[in-house]
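> Here the protein sequences line up with chains A and B, keeping their order. Its first residue numbered 1, the first sequence is counted upward by one per residue in the numbering used here. Its first residue numbered 138, the second sequence is counted upward by one per residue in the numbering used here.
It should be emphasised that the hints constitute simulated quantities derived from the structure, not laboratory data.
In silico SDA-like links for lysine to any residue, alpha-carbon gap of 20 Å or less:
| id | chain 1 | residue 1 | chain 2 | residue 2 |
| --- | --- | --- | --- | --- |
| 1 | B | LYS174 | B | GLU194 |
| 2 | B | LYS174 | B | SER199 |
| 3 | B | LYS159 | A | GLU77 |
| 4 | A | LYS40 | A | ILE113 |
| 5 | B | LYS174 | A | GLN86 |
| 6 | B | LYS174 | A | ALA135 |
| 7 | B | LYS174 | A | MET131 |
Some chain B residues flagged as far from chain A (calculated, every beta-carbon gap over 10 Å):
| id | residue |
| --- | --- |
| 8 | GLU139 |
| 9 | ARG141 |
| 10 | ASP190 |
Take a look, some chain B residues computed to stay more than 12 Å from chain A by CB distance:
| id | residue |
| --- | --- |
| 11 | SER152 |
| 12 | ASP155 |
| 13 | ILE193 |
| 14 | GLU194 |
| 15 | SER201 |
Backbone N, C-alpha and C define an ideal beta-carbon position, used for all residues, glycine too.
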Amino acid sequence: MFAFKNLCLQTPAQRRHGRRVLIASLAYAAALIPTVYVIKHGLVTGGWRMALALIPAVPMVAMFTSYARYLSEETDEYIRMMVVRQILMATTVAMVVAVVWGLLVDLGGAPPIATYWIAIVWVIAQGFSAMFDRARG
Amino acid sequence: MENRLRVLRAERSWSQQDLAEKLEVSRQSVNAIETGKYDPSLPLAFRIAELFDRPIEEIFVSPSRRSSKAI
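Using the sequences and the hints given, assemble the complete structure.
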């Protein structure tokens with residue numbers, strides 16, 4: 001476990017970022033399950049429903065803010081450059097998916113999907129980009 | 138950018154990890170610099186030069202000088 005952690009999270013800033021992302025993910029899961037239950041069972045309506053729907057967004061906002069914080073904390077210039085490249089790659093993939101799917105919905109009759117999927121695509125693309133960089137050495 | 142980092146490190150019997158710890162960077166950074174995949178910033182290049190007690194130009198080969206020699 002220790003070796004795996006050091007292999008993936010090479011710098012103190014990466015370890016702090018990893019810890020923040022883990023906490024945000026756990027908070028997201030903890031907030032999402034009761035929120036979905038309450039809304040699906042119609043226990044709240046109107047403005048309260050809107051406010052409740054925003055609760056799971058808070059840890060996700062914290063997670064994306066953590067990336068910005070990480071980039072300012074990272075003192076290893078090579079690792080920082082690699083992460084910036086991964087972020088650019090993920091942003092490119094997410095933007096392409098957003099534009100292509102948006103056109104498919106508007107013009108092609110494809111079913112609309114929730115916009116939070118763009119963030120999920122971004123996180124997956126960033127993860128793949130990081131794995132690719134690691135495999136390349 | 139070509140450099141003599143690997144040679145200088147080997148002369149001192151330092152591993153990449155040893156050098157990384159002395160420079161306060163990751164081992165991956167040392168490897169990337171040694172293999173020419175990454176050119177360090179000027180502050181890091183100065184830290185490397187000071188660690189080995191050599192001028193920067195004795196460690197890093199200027200790309201322009203290298204190409205003019207090739208001509």
